Amino acid sequence: MTIESILFYVLSAGAVGSALFVVSRRNPVVAALWLIFNFFCLAGLYLSLHAQFIAVIQIIVYAGAIMVLFLFVIMLLNLGDERRLVEGVTPRKVVGGILSIAVLVELWYVFLGTPSIQHAALGNRATEIGTVEHIGAQLFTKFLLPFEVTSLLLTAAIVGAIVLAKRKLD
Amino acid sequence: MIESYIPIFIMIVGAMGFAVVMGKMNEFVGPKRPSEEKLSTYESGMEPVRSARERFSVKFYMVAMLFIVFDIEVVFLYPWAVSYKLLGTPGFITMFVFIAVLLVGYFYVWRKGALEWD
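Top to bottom, those sequences are chains C and G.
Going by the working numbering, the first sequence opens with residue 1, and the numbers climb by one from there.
Going by the working numbering, the second sequence opens with residue 171, and the numbers climb by one from there.
Honestly, the hints are just simulated from the structure, not real lab data.
Everything numeric in this text was worked out from a predicted model, so none of it was measured.
All C-beta atoms in this analysis are idealised placements derived from N, C-alpha and C, irrespective of residue type, glycine included.
Each hint can be trusted.
Label-pair distances were calculated between CB atoms; the ranges are: (1) S12(C) with V190(G): 17 to 27 Å; (2) K166(C) with D241(G): 17 to 27 Å; (3) V29(C) with Y278(G): 27 to 37 Å; (4) V110(C) with V199(G): 52 to 62 Å; (5) V163(C) with R225(G): 19 to 29 Å; (6) Y9(C) with I180(G): 14 to 24 Å; (7) A102(C) with Y212(G): 52 to 62 Å; (8) V29(C) with W287(G): 18 to 28 Å; (9) F143(C) with R225(G): 36 to 46 Å.
Just need the whole structure built from these sequences, with the hints factored in.
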């Protein structure tokens, strides 16, 4: 077994295990902390796929910024007594379980029907496409307009956040 | 290929190991003579009355939202900084425009007083 496949199995086990912890913990803050662990495992998986930029973004944006937002939402909601969230088997849960299994079967079916993407169009270039240098060179030349429009999108996000929150404050 | 990440891996393991060893060493080496009074939450402070879990002000959430937006800005700065030499002057101008548009948002936040706490 190569070191890559060992890494893959370790990181995947970590990701699946921590994801199970996220959904099974009673304390929402503990669940959020397990989610951070999950994000780091995913970042490792991206690295092993030579997608360095995505790996870095995963840590900066998801483990950094999005998790802060998650924790703040947990604190804003003030769940307090977590036992209130526990309920028995309800019709909603049964339907949800059936639907989840249906999605799993569908995904399985699609994956089985998809030929391996490893040797498709990318070939050996796959290792260089995910690097930060390559993304930078493409983003600021070929995809310049989408990049500049992103700044407008972010400004709109800032204004939206202020307008929504400020009304409550004043 | 994957071998080139070994220094980063060693650094992560070293950092986590250092934190765990220091925390645990304190637990084992430090003297412990617990008493009921010492174990209370604030030994010589006020008696805690309620749960520490209280509803937070929406102000915290607004700061978090602004943090995310400017964090995403950093995400774009990162590949730009890496391939800065390759891009040259046009690259500098593109980033200047990008930052200029976001500065408008920043000044909007500033003028609206969202950075003020009260």
